[in-house]
Amino acid sequence: MSQVTYKSKLDPVTFEVLKNAFVNLVDQMSEQILRTCYSFVIYNRDFSSAFCDAQGNTVMQGTQDISVHVGTLHLTAKAVIEDFGDDIHPGDVFIVNDPYRGGTHFCDVSIIRPIFYEDELIAFMQTKGHWADMGGSVPGSFDVQSQDHYGEGVRIPPVRIWSKGQYLADVANLLVSNMRLPEERLGDLRAQAEATQVAGNQLLQLIEKYGKETVLIAFEEVQDYVERLAKAKISKLPNGTWETVDYIDMDPELGDGLIPIRVKMTIEDDMIHYDLGGSHSYISCFLNAGYGASFSAVVAGTKTFFPEVPLNSGFYRTLKVDLPEDSVVNAPHPIAVTGFCSGAYEKIMNAIFELWSEILPERALACSFNLEYLLIGGWDRRPGYDNYFMWYDWMAGGHGGRNQKDGANALSPVFGVGLSVQPCEGQERLSPVITTHHQIITDSGGPGQFRGGCGVEKGGILTKIDRTVMSYCCDRSRSITWGIFGGLPSNPHGAWLNKGKEEEQFLGSIFSGVKVKEGDSFTRPSAGGGGLGDPLKRDPQAVLEDVIDGYVSIERARKDYGVVIWAIDPEIDQYEIDEEATAKEREYIRQNRKQWLMTPIEEVQSLYDQGEIDSLDMIRRYGVVLDAQTGKILPKSTEQYRESMYKRTLKYWQD
Amino acid sequence: MSKYQLAVDVGGTFTDVFVFDSQTNKISVVKVSSTPHNPAEGILTGVAQAKVNMEDIHFFSHGTTVGLNALITRNLPKTALITTKGFRDVPEIRRGTRLELWDAYADVAPPYIRRRDRFEVEERVDYNGNVLAPLNEQEAYELARILKRRGIESVAISFINAYTNGVNELRMKEIIQQELPGVYVCTSSETLPEIFEHERTSTTIINAVLGPILNSYIDQLTNEMKSKGYKGDVLVLHSGGGVMTSETVPKYAARVSSSGIAAGAIAGSYIAKLCGYQNSIGLDMGGTSTDISLMYNGDLRITKDWYVEYGYPIGFPSIEIQTIGAGGGSLAWIDEGGSLRNGPQSAGADPGPVCYEKGGTEPTNTDANVLLGRLNTKLLKGEMTLNKEAARQVIREKIGKPFQLSDEEAANAIIKVANANMCDALRLISIRRGYDPRDFALVAFGGAGALHGAHLAKEMEIPTVIVPPFPGITSAMGCLLVDVRHDISKTYLKNVDDVTIDELNEEFAKMELEACELLREEGIADEDMNLIRYIDMRYVGQWRSLEVSAARSIQTLDEILERFHQEHQREFAFSDRTQGVEIYGLRIAAIGVVPKPELHKYEPEGTLEEALIEYRDVYFEEAGGFVKTPIYDREKVPVLTEFVGPAIVEQMDSTTVVPPEVRVKVDEYRNMIMTIPKEGE
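Read top to bottom, the protein sequences are chains A and B. Numbered by the working numbering, the letters in the first sequence go through residues 2 to 656 in order. Numbered by the working numbering, the letters in the second sequence go through residues 168 to 848 in order.
The following block holds chain B by itself, in its conformation from the complex:
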């Protein structure tokens, strides 16, 4: 009897296995070490440790770093690029820019395909899709012969203007398939038919270098799982916030290149919705960095500006994540100008914070939190002891003395600077995009999110903070909460005055046909398909565009135009209804709804008093210093309880700080919901 839904988040260090029992609606979690040499091994070990039989699993979904690692280490199959004559250096010239404007020694990473493996053929299509020169077949066959001799394992084809007409690309592909059977081939017109040769080529190349890797990875994992009795499909999370099946992974391999990072954002938004919020900011804070995402009106913000390595864009829509180098292990330091800084350097796990006594010599946020009494000196149920005196010494020497601050003031200063840096990142994704944080809930998770969440919310005037039941493994849960999803997009440049409704509906209908085909291949029944239309628009003469959603059958453009003006006003604080507007692109989000777990609702058991572990002195600047503070065991805090800070709530994988006057309510899913009083209230 299959009864389990499994989500697995394969990270660089740990593999988290999240088990949902659909009979009891209960959750259990296992954390094992990742096995980068063979990621499937870690997954299988984790599943075994979770004491789940493969035949009892009816749904398996996972996020993986296989693609990411392959790109970063350049451990890639021997891949060739074929371009129009005169353009083989497009991926090396890129847009010419360097990320570090002032550091002449900080180079952009080299292209994924070296120049020796980039080839040209004679062919040409113009901006309108007219074939100026057909593919030179003689050259194409000659090239196929050379690629064969070179032992090429994968081929990316990207011709100039192929976004308007892919005929020459497709012919080239046929020849490669005919002459090099079994070799992976992808074309830019099938991968991402969008204007701009570098962005399209880059996406196609990443697809080509990852295609064979992900293909064999999924094959291997599927085989091993099937041999142990699993009968379902192996789903993979992609950066667009959906999953895909093994059938479509090769087509859209580039989307899996930051698979895991989307999981946290999805989980955060899911929890916010569960608590009744349609607007939320996800704060996933770990040991070295923090990932921030934003959901507005129930949708996570999407971006098309993303990459794994600077200079090599991946044109598929992706959940927008702001990552900053601020985590528990971030170092506090004083620069040559005498300014107190925090991060981005981190003590990481090794040597780790000074209080871990593993050789760390510089103060970290964790050291400051220990000194302030916020973190217990005994972590992981006593498995790990932190040395508070060591933390005190280093903070006194490195920060307190130079600034003539007491130990506690110095520790508090460290945390405040760290919080300010995170607030800057929160502003970036909220205020800077025209969202008012006062309309949002902050979902704080990751190992360290709940330590800082309440103070960040206070600073940002965010009224509510949600801490999910298992903050440390929330990301893994994200993999269980998604649908199958594809985004089909194309460049479509036209002034709205020249667009007829019929024509537009027809363009969309063509894309929807393709989308349904994809979903059908993945085994999605027609009634579970959900197609959403989006139109990219801009004022005539502008260079960037804004995306607005459109009805499934468009009757009039007026409503869409109005939405565009409103979005422009919200995002940039101005709009102009007298100005001409043009359409820049069309997109279909093709969603195949898959069953989601229904989380268990708990009944209250026990009392808050029974959850009390001890009282401890904890430093709260707002209360004037150390305050005698109750410390609760999260596992024992009954649902539907309410209490007011100061309080500290401890659990295996995380610690929640409840500052004075903050009101906490535990809901029936065991989420802790904090209400942050406004200043002066």
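Next comes chain A alone, as it looks inside the complex:
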């Protein structure tokens, strides 16, 4: 507890009371949306709420908001101010989803209500929620192949949708008529607009009680407070510069070659400067991010290391963020950015995790699995059904290994750990898809002294369908989830059609419009988290426990950890660690592992072709990236991946 050096204009009680009241008011908006929304994506917590001052600066953001929206709500409020200026009136409500104006992607729709006190504009209440469909060429509006936004869905710059209390039904209809299930979208619109009204009333009650002056001062002071709190923490850290690179799998038009996103972070006294200069130019698929989304990734990545600091514009004042123009992290209009969440976004976050792991090793975090969405849309022909359906699914996966602690198994993505996965039973009612399995994958956690969390696999069979296509939005089938401080990678992402059958097909980590028919099956894994620390230093007892629980197989216990385990009577969990063989195995790995990582790729390819090594050996032992479609090693991607692996892993092996 430090001494107060700052002199507030408010007494300590009034300040604390108003600060908490602001948090409450924003969380109340969120709660109401959660209970009244129509989009299942919002229902599963892909939304956020904030209130901004008259200049558009965020005074408070919700405590349960999804990570991917943080640091963007002030930008959308400012876009409304910029476009409408003095033409903003009591009873107005605005709608915005423009990713080129500080939004994230089209599906994230902000409803913004200006709040007036005695004819003076004092604040904006805003809720942002992921609508299930925004129109465009594919259901769910995730068209992987689009290169610009025109095919993706409806772009909404700041538009007035209530004018002085009058609902502009024509405008609303124009918008939702371009979306699938327009009635539901009107339901979301209504739910969000009502929530901002409830919060607005609550703010006015605070003003009645404490007076306008006091509340407006509190707007400023709450921002100043967060800034002071954050700066006090940053000041305690050493000055310096740290840098790293993470990769998107590829640009489909360029072929083999990972797409670099570079992050250089400089701490100077009480400021943090992020420079993403040197990142690749924007690519020919929708994994690019706009300015707002990349700024959000920087905020969310940093915030992970300051979990107790509330979010508002005061926090953003401690950050200086440079995003190179026309790059994959700052794509201009009209470049497609809808898939930013699977693309640039989480790359920036994980890169920032890696940098902070150096500075605050007690909070270290290796790379986590990639956000993924599988969409199946078409005609439901089950008895009693004759309608369009959308099976829109995302999975939990493994998070990175941590200091003195394994990574979390089967957790929602870093994009938003509050995002719920959907129950299969709900999905089976709503669509002609039977889920065949939803389970943890053995050996998916990246090996390390502290193992990455395990990933999950989910798949199903298509029953009575017609005119149905499948799309997938993911990444890291090549830029595979990596370990740090000597830890190893996990497993590649990517979806399969009819796996194990004759017509088996690996579809990769991004595709759209793949035609499917009745009886087809599909499946895909989510990656585990990357390992942290040298796997040969993992306690053999911990490896044994993992084997008993089936998180790790006996075979990979030997290959990844050098721990030799004999199954005595698995039915009653009887296994034995062979200590002598373990010592020998560990020594063998120690002698060879640097060599393996430098083996020419032709030699690795031939070992793989002869079946002497498998696909996990490829990435974990040899650091090579495989094209799972062809079974061939990708030379350029491998070169890039190995370079990173030398820095993150090999460098830390003390042998």
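Don't read these hints as lab results, they were simulated from the structure. Bear in mind the structure is a predicted one, so any value in this text is a computation, not a measurement. Beta carbons are placed, not taken as given, at the ideal position from N, Cα and C, and that holds for glycine. Check each hint, because a few of them may be wrong.
Unchecked claim - Distance windows between CB atoms, simulated:
1. Glu684(B) x Arg430(A): 56 to 62 Å
2. Lys677(B) x Arg430(A): 19 to 25 Å
3. Ile239(B) x Leu361(A): 38 to 44 Å
4. Tyr589(A) x Asn297(B): 29 to 35 Å
5. Pro511(B) x Leu361(A): 23 to 29 Å
6. Gln56(A) x Pro511(B): 29 to 35 Å
7. Leu361(A) x Ile780(B): 55 to 61 Å
8. Asp120(A) x Ala516(B): 50 to 56 Å
9. Glu564(B) x Glu309(A): 21 to 27 Å
10. Glu694(B) x Tyr168(A): 52 to 58 Å
11. Trp597(A) x Pro301(B): 45 to 51 Å
12. Asp664(B) x Leu361(A): 55 to 61 Å
13. Glu309(A) x Ile699(B): 25 to 31 Å
Start from chain A and add chain B according to the hints.
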């Protein structure tokens, strides 16, 4: 001659025994230390100390933390889960979420059943209840053999879509019962036939891990009580706000996992009704936390969103309780940004507040209350002395100096921030749910509730505060005030336009049959049964639903629909009668009415003057500082007395603060009813 009704609240630290003498209608209370290693021991000690003979007891009901402790410590029987092939990780994948969004090191607790003990069999039912694959019996027998070898003591069975058709689950159960006789088994379709595999499985697992524990606990307690002459049933309070008998505890063990917490809410609502209020908010404030509940139109608010540990929902309806980390021991502190904070960290009982002089070094709410003169420096009839100077020093150093406030201003600031935090929680459960606090009475109890109640009410514009006669042991009384209660629910998804009244009545009739069967098993006579129907509804396309009550025999849906629109309007400030509505689920609250104590009505004895202990300077900001304030002994304050604050009323287990201009009336049950003037009046 049996004449006593006993209620026992077994808490983590203390076991409260509440004795009601049905001949004199009088109450007595005993507090003993809890005995977590063998909870029955504490109960029996308490009963003995209350000087009550077991044969004289005709009704025994209790709340217990046995289930809660078992879950938290993972001290559970060796339990296996059996699922449909491909789904054994459902309880580990959960919904994927983490409670702490930003703290990458704050993990969700591990599943109650480890992966090694989760097994799969081949079987499948579809969304419509069609059996796509029958149970593979060979696999099932093989699995039973393995479970036997593993020494499994309890089995949870949860198959995909079993909520629509439990046939495969039941067959699996038969095989387990046949091959592993005596092992506890429960299926998801019998426990909670509701859609969503994680929520249903989680509830089933908690039932399975607690079933054997509660079974043997109740057996032991019953045997010991019977051997001492008790002839009745041992009733256990559950989170739904009712009790159940030992016969049904194994079936619904998960409901007992937060047994005690419901007691306070029930007692609070009972007292409000006794004073003539149908709308009340219960404020149960103790040393480290405060539990808040709400009663509207005579019913406590119910939720299905609850858990003991985040990530593992228990799908049975439960009384909605808002718990916040604010209590007498909550710490006041200044954070790095210079903001005055209160809680959630607490000095607890050890080291306790600074004024206890047991090693506490940070200021607490209790220290502030002592400094302001609200709390006496002599507590528990002089058994405990508080050091006011120590409280003054720490508040001056830690809060006063940094903010340049006088000692009293600093102490007052501490209390105001604590009160503001509690008001935020009160708003959460009232205004945020569409209830206007001005229509409610606040029932303030727990050790510290009455210290803060009046000021909270003033801030919230709640017109009335009720302080029950024994605020510190009010929760225990709650166990005496409940009926036997079960909730039978099922998923029933249908657009109201497609529902026929006959069909709906038929569905309910089936559930009511089951409900009556349960009550009969518990020995409830038909005339004491009360069945209430509820329908869960939502606008077509919405994801959450709202529950409305329905008539016992439904004639038309119009009335129910109208109630739904009204509820939606109240709770969310909008409704739309042009929109389609669908039914989501059905529920029966099956209530078996048991006799309640009739509390004693007292005659006035003595005068208020005789109850006066002394005058003391007490700080009231609204009066501009310290005011010479009368201090009364609650035990001597006669019933039907009225007086106006400022005043402090002291009693063994609690202190009531009556701020200036607040009018107090003591009713014939010895409740103190405070009328809070509106601001400006």
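Hint check results:
Judged by the Cβ atoms, the range 56 to 62 Å given for Glu684(B) and Arg430(A) is violated: they are separated by roughly 29 Å. The hinted range of 19 to 25 Å is satisfied by Lys677(B) and Arg430(A), whose Cβ atoms lie roughly 21 Å apart. Look at Ile239(B) against Leu361(A): about 30 Å separates their beta carbons, and that is not inside 38 to 44 Å. As the Cβ distance of Tyr589(A) to Asn297(B) is approximately 55 Å, the hint placing it in 29 to 35 Å is violated.
The hinted window of 23 to 29 Å between Pro511(B) and Leu361(A) holds, with their beta carbons roughly 24 Å apart. At about 33 Å, the beta-carbon gap between Gln56(A) and Pro511(B) stays in the expected band of 29 to 35 Å. The hinted range of 55 to 61 Å is satisfied by Leu361(A) and Ile780(B), whose Cβ atoms lie roughly 56 Å apart. Separated by about 55 Å at the C-beta atoms, Asp120(A) and Ala516(B) satisfy the suggested range of 50 to 56 Å.
Judged by the Cβ atoms, the range 21 to 27 Å given for Glu564(B) and Glu309(A) holds: they are separated by roughly 24 Å. Checked against the hint of 52 to 58 Å, the C-beta distance between Glu694(B) and Tyr168(A) comes to roughly 55 Å, which is consistent with it. Distance hint check for Trp597(A) and Pro301(B): the Cβ-Cβ separation is about 50 Å, which falls inside the suggested range of 45 to 51 Å. Between Asp664(B) and Leu361(A) the Cβ separation comes to about 58 Å, which falls inside the hinted range of 55 to 61 Å.
At roughly 45 Å, the beta carbons of Glu309(A) and Ile699(B) sit outside the given window of 25 to 31 Å.
Of the numbered hints stated above, those contradicted by the structure are hints 1, 3, 4 and 13, listed in ascending order.
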